[in-house]
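What follows is the residue order along each chain.
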Amino acid sequence: NAGVMQNPRHLVRRRGQEARLRCSPMKGHSHVYWYRQLPEEGLKFMVYLQKENIIDESGMPKERFSAEFPKEGPSILRIQQVVRGDSAAYFCASSPITGVQNIQYFGAGTRLSVL
Amino acid sequence: AQTVTQSQPEMSVQEAETVTLSCTYDTSESNYYLFWYKQPPSRQMILVIRQEAYKQQNATENRFSVNFQKAAKSFSLKISDSQLGDTAMYFCAFAYTGTASKLTFGTGTRLQVTL
Chain D
1 NAGVMQNPRH
11 LVRRRGQEAR
21 LRCSPMKGHS
31 HVYWYRQLPE
41 EGLKFMVYLQ
51 KENIIDESGM
61 PKERFSAEFP
71 KEGPSILRIQ
81 QVVRGDSAAY
91 FCASSPITGV
101 QNIQYFGAGT
111 RLSVL
Chain R
1 AQTVTQSQPE
11 MSVQEAETVT
21 LSCTYDTSES
31 NYYLFWYKQP
41 PSRQMILVIR
51 QEAYKQQNAT
61 ENRFSVNFQK
71 AAKSFSLKIS
81 DSQLGDTAMY
91 FCAFAYTGTA
101 SKLTFGTGTR
111 LQVTL
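As you go down the protein sequences, you meet chains D and R in turn.
All residue numbers in the first sequence are consecutive under the numbering used here, ending with 115.
All residue numbers in the second sequence are consecutive under the numbering used here, ending with 115.
Quick caveat, the hints were computed from the structure, so don't treat them as lab data.
Each hint should be verified, as a subset may be incorrect.
Said to hold, decoys possible - Mimicking BS3-like on lysine-lysine, the simulated pairs with C-alpha atoms at most 27 Å apart in a straight line are: (1) D:K44 with D:K71; (2) D:K44 with D:K62; (3) D:K44 with R:K70; (4) D:K44 with R:K78; (5) D:K51 with D:K27; (6) R:K55 with R:K70; (7) R:K70 with D:K51; (8) R:K55 with R:K73; (9) D:K62 with D:K51.
As the structure is a prediction and not an experimental result, all values here were calculated from the model.
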């Protein structure tokens, strides 16, 4: 059973460009979470999605950031018109519908660098 | 809202020795989960150990154990027989019970295991 897959591992964008980060949850997992880690800090929650629904986006910046988890395909975190302050590691985690709740399995992260 | 505090930014331990990492949290809820995650230089987030608040018995996983003091809202991690591979950032995290909920992380403790 493959783990949580994130790609790309590294993404370089110039200011004003768009960044699209992808996350494929573990097989059988229908809950996806996105977290952001600024340098030398802990992870901060951004958004929680189930298939085709945003459940909690209380950690998402109000502008330029959006997330989706379509019925088919990976979850996408999209950042429009990136700025230097968006440079960070973005982690995706997934958890199962049933079984042991609240265990989130993390991907290896995408490191976004904005030039 | 819940908060998680890790008051030790850095710690060092010699190989084969024991080290304890501290974590305190604040919540008004009576039932929740607590976690320790490890982030090695590869940046992958790895679950080390998990504790359910309604269970009085402290969780253990091989060389890793916790001291969970619910009244004091304290959740420390003890690593016995430290190994070089234990060198990493360690994050304490909190989550409410429920189908799935976001993790709130502390700022982390950087652990260095030396020869």
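Tested hints:
no. : hint             : result
1   : D:K44 with D:K71 : holds, 26 Å
2   : D:K44 with D:K62 : holds, 15 Å
3   : D:K44 with R:K70 : holds, 24 Å
4   : D:K44 with R:K78 : holds, 25 Å
5   : D:K51 with D:K27 : holds, 13 Å
6   : R:K55 with R:K70 : holds, 10 Å
7   : R:K70 with D:K51 : violated, 35 Å
8   : R:K55 with R:K73 : holds, 14 Å
9   : D:K62 with D:K51 : holds, 22 Å
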